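J.: In case you want the letters, here they are:
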Amino acid sequence: MKADVDAPLTPSGLGRLLRRPRFGGKMGGAAEFVVIPALALAASLVLFGIFVALFGKNPLDLYFYMYQGAFGTWFSWQNTLTRAAPLILTALCTALPAQLGMVIIGGEGALLIGALCSTAAALALQEAPSLFVDLAMAGAGMVGGGLWIMLSGALRQYRGVNETISSLLLVYIALAILNYLVEGPMRDPTSLNKPSTRDIGAANMIGSIPGTDVHWGFVFGIIAAVLSYILIYHTVFGFAARVAGGNIRAAKVVGLSVGKLILVICFLAGAAAGLAGMMEVAAVQGRTNANLAAGYGFAGILVAFLARQNPLAVIPVSILLGGIGASGGLLQRRLGLPDASVLVLQGVIFVMVLASDSLYGRLPFLQRKAP
Amino acid sequence: MADPGNIGLWTVPLAVLGGAVRVSTPFLFVSLGECITERSGRINLGLEGTLVMGAMSGYGVSYLSGSPWLGVLAAGVTGAAMGALHASICGLPRVNDIAVGIALMLFGTGLAFYLGKPLIEPTAPRLPSIDFGWWSDIPQVRAALRINALFLIGVVLAPVLVWALRTTRWGLIIRTAGESADAARAMGYSVNLIRLRATMFGGFLAGIGGSFLSLFYPGSWNEGLSSGQGITAVALVIFARWNPMLCLAASILFGGAAALGPALQSVGFSHGYHLFNAAPYILTLLIMIVTCSPKRTLIGAPAELSITR
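The listed protein sequences correspond, in order, to chains A and B. Taking this note's numbering, I'd label the letters of the first sequence as residues 1 to 371. Taking this note's numbering, I'd label the letters of the second sequence as residues 1 to 309.
These are calculated hints, taken from the structure and not from any lab test. Just so you know, not all the hints are guaranteed correct.
As the list claims (entries may be wrong) - Straight-line Cα separation of at most 30 Å, DSSO-like style, residue types lysine-lysine; simulated pairs: (1) K260(A) with K117(B); (2) K117(B) with K194(A); (3) K57(A) with K117(B).
To be verified - Where chain B lies over chain A, by a calculated footprint (3+ residues, C-beta under 8 Å): (4) 158-170; (5) 298-306.
Small disclaimer: the values here were computed from a predicted structure and weren't measured. Beta carbons: idealized from backbone N, C-alpha and C, even for Gly.
Just chain A, with the same shape it has in the complex (with noise of 0.2 Å):
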């Protein structure tokens, strides 16, 4: 029977043109996007390594206790993950956006609003069990930041403002929002050095995953993003975001209604970095205060780009990043390096993986030879 249904179709070629070019053509592609991201890193490694050789540190060294910091001991496995449980959630904030092709750069102000909001329902529900409190949070914190940042969606659709440059001005808006709120209404008066809000109760903070150090923030970084994997390739919604994110006119031809797209898009990455926010208050700093505008909503747009918009991508890169960000601070006491040497390296990853973006389909020994 088999062999039946087999037979008529191989003479014509159709099989073939089936099944071996496309697998092949597919292994090609993939070969690329990871191939070229990987030699962009490791020449920004190489040039990160002059640099700090140019103020007379050895480069080997910095390797060395760059992957001590990282992945050198269990210790370090635990502070990279902790570190990119809130990168893959702030690095959804950008990458869905750009599957309609938009540029959304404001995850650090989605992050700090959503902090505000589950620390205010956390504040409010002293009295309640800390399983509903928890979830009050979460969906606080994912309905402040997914406004946030569909603010920025809308300004786009009804009044055509660059969504780029209004999501970032929003940063700065949260910021000052925030400071306002710790500094004024929301003061725990006894925060006497760092003015911070009140403390969410120890009972309502989100703990580790047993066995280690590492808060359940990573674990909803990964479900996120598998999510954001199956809503943007395995659902008619995704397939129409990115019929409108290739070509925005044939999705309106074909009756897509892309302000609903970009709305719910907007929402839903806005949200994440939301969560984000919620993460850092109920599992890492227990209240609300500027110690959050850590950077996770900047270093996240790189995660984005690094994995070229893939949310599946974005989980991997984000341990690395977070690796990376790990290894600040041994860095910082072996090697006397400042803090910022952190926020250079990611400067020139970022630069280099743009740059890689000319390779695409010029790399000889990545090409499918011509049949």
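Fit chain B to the given chain A structure using the hints.
T.: Below, chain B alone, put in the same frame as chain A:
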């Protein structure tokens, strides 16, 4: 009036006026530079990083050499180098100029914090100011009229740039590259080279804007020195319709908005101080909401600009 210093609530508008002149200078330089870059058909969002690099290098050179004007020059050269980096990456095929701008924003701030670590402690010689308030007895008036020479240079530069864009050969070439890269190519010019020079010029001015921050007002180097002035200035160019004279007007407006918080604080009205700090960003956003439209491309926008297409 017995005490010339006691002028009551008049302090606020005076402080806003003086603040507008002081605070607007970095906005002015960044937006004038970005105006030229965008007229050549490319947008450089990395000017935030350029501004911080300029502030750091200007402060460093002023401290080492003892001459603040040498610091201003060094800041400009650093800015031009950042611009050259941006332009040369954007010149590669299939590279998005907005993304490169974001990357250089992060790279520039990171590098400035790294190199500027040893500069937080020492005090560098600052730029002198010119006293235009000598005729007045009121200290607030004198403070408001103590104006930096860089501001005056910027004020002169704006009409010069309008003239240069309109009538000179270089202005025409830049505008051609911005309106139609094909036309510029047909005339035998390299579009990448034109945009490289325009971006370097933009970076030069943005670097000078940064040196104003560290060498005059607020007048020291620290990591919180710039908070979005660079990106606000980029938005301001859109509001100013790519016209250098309107950039000047918009910069002063923004300077005034940014000076409102400190001015109110000076009369003891400190409630919501942080919210007033957000005034320039909120104003930028509101202005973009009012002036942009989803239905038509912006009037005066260079046709090659990726941000308006």
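J.: Would you mind marking each hint as holding or not holding in the structure?
T.: Verification of the supplied hints:
{"no.": "1", "hint": "K260(A) with K117(B)", "result": "violated (47 Å)"}
{"no.": "2", "hint": "K117(B) with K194(A)", "result": "holds (23 Å)"}
{"no.": "3", "hint": "K57(A) with K117(B)", "result": "holds (16 Å)"}
{"no.": "4", "hint": "158-170", "result": "holds (count 11)"}
{"no.": "5", "hint": "298-306", "result": "holds (count 4)"}
Hint 1 from the list above is the single one not met by this structure.
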